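Since chain U is already given, all that's left is putting chain W on it; use the hints.
There are 2 protein chains.
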Amino acid sequence: MLAVGRELLIGRTPNTNAHWMGKRLARMGSMLKEVTTVDDDLDEIASAFRAAIARSPDFLVVVGGLGPTPDDMTLKGVARGLGVPVRKDAKALRLIREHYAKRGMQTVELTPARIKMARLPVGAEPVVNPQGTAPGVKMATGKTTVYCLPGVPLEMRSIFRRSVEPEIRGVLGKMHRKYITLKLEGILESALAPVISAEMRKHPGAYIKSHPRGVREGVSRIELDIAVVGEDAMRADEEGEDIAREMTTAVRAAGGTAKSAGGIRG
Amino acid sequence: MLAVGRELLIGRTPNTNAHWMGKRLARMGSMLKEVTTVDDDLDEIASAFRAAIARSPDFLVVVGGLGPTPDDMTLKGVARGLGVPVRKDAKALRLIREHYAKRGMQTVELTPARIKMARLPVGAEPVVNPQGTAPGVKMATGKTTVYCLPGVPLEMRSIFRRSVEPEIRGVLGKMHRKYITLKLEGILESALAPVISAEMRKHPGAYIKSHPRGVREGVSRIELDIAVVGEDAMRADEEGEDIAREMTTAVRAAGGTAKSAGGIRG
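These protein sequences, in sequence, are chains U and W. Read in order, the letters of the first sequence are residues 0 to 265 in numbering that gives the first Met the number 0. Read in order, the letters of the second sequence are residues 0 to 265 in numbering that gives the first Met the number 0.
These are computed hints drawn from the structure, not numbers from a lab. A couple of the hints might just be wrong.
No copy labels: a pair is met if it fits in one copy or bridges any two.
Said to hold, decoys possible - In silico DSS-like pairs for lysine-lysine, Cα to Cα no more than 27 Å straight-line:
| # | residue 1 | residue 2 |
| --- | --- | --- |
| 1 | Lys142 | Lys201 |
| 2 | Lys75 | Lys173 |
| 3 | Lys258 | Lys201 |
| 4 | Lys101 | Lys142 |
| 5 | Lys87 | Lys75 |
| 6 | Lys22 | Lys32 |
| 7 | Lys201 | Lys75 |
| 8 | Lys101 | Lys182 |
| 9 | Lys32 | Lys75 |
| 10 | Lys173 | Lys22 |
| 11 | Lys258 | Lys90 |
| 12 | Lys87 | Lys101 |
| 13 | Lys75 | Lys258 |
| 14 | Lys182 | Lys137 |
Nothing here was measured: the structure is a model prediction, and the numbers come from that model.
Here chain U stands alone, though its shape is the one from the complex (with noise of 0.2 Å):
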């Protein structure tokens, strides 16, 4: 994902965005492999572009500044990291002039900053954004199949249900991902290492972290991550579940406990 935007970068907005997506792909079995978060400005937008397009991903989802005002300047900015122009497309134009008829404005003028949205880089086609103006864009460079959505959450989100995901599934084909979260207490994360490199080397296609919460009242506190994802559900539910097992009684050996969080996502 590159997100585009400076309320992103002076705390102004937290990314929702990438939390929100980021949860969407893990489900699926996939993931956001980097998320890049670049201000308002042409060429931070064209060379973050040229530098997420160099890494080959399957999808780049470009997010934010689609939108009329002068800081939306993202198609430019992509364009210019394709080293293509931007052109007025029929199509787009068509899109933002029913969004407006929908709302009762037959009448609204075609201004410059309306026209801007429908300004896409040359090769690009237009995807329906049905929660706002902006259409989203799409494009294809090298292997790589490139999506700009609006930064407004529900319309990002929208187009991303509708449009991004259906296309994803397509190329992932069916994963099924067994995610399960231990509560571990009274054992350090330093006790804990070695034990996770036991069972990483036991099962190496695994994933298994664990994030530090703190100390209370003199009981250091994990919570241990275990995710397994495979083609075959029932296989990466059942090594899942070894794994929790199998963790269980060495923290347990280690002097520590150990329970389900009930945090089990399909």
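Using the frame of chain U, we list chain W on its own:
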């Protein structure tokens, strides 16, 4: 900022560290220029570190991955990015020992997992962590000062306030920021766009940005942020207030309303 940790990419943990640090820097009159988030993976960390350093920022803060568990690999990743080995640091080891001693664990064994937290890139020095075990790490490369801080918010904030902030202030000098938020109603963002453009031409150093907040009972709502940064506090205050007044007048002329959100932060 370079944030390290899969929990940030799978929607497990929102990146509150970036939000906190961004706000803190903005209030000082500085800014987070870019935030990159990567997985717990040596190559990912090394390559994102090199990319960040190549942009020659004054400061690079790497957050997360300093602990004792196998997924904590930030120092090794940074060392790889710099092309230097990691080496056991005597001062870091002493800080770790002192931390355990303070918690009444004078006899704690320095296991490989605990020693790992003292294995710093050659040329780096440890920084006191008043709230946790793993020391912060400081180093210089090119014109950039690099800090590596733990991802646990309490520890990150404590080291940032105590060690990083004073150094940034030293480079920055005394800066003042005037920040005003106006709440607008009854004007579309696309109608506001030319008003903002005109105001930006009049105040080229200022930052003026609109955040659409949806439509309530058919009335479009927008939050408008105005920020002016400068060495002269009175001048920044005056220019910020001028812009707010001028924007209010223009929005009213366009048929909308504007009132201060009281969001005036130092």
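Need the list of violated hint numbers for this structure, in ascending order.
Of the numbered hints, 1, 2, 4, 11, 13, 14 do not hold.
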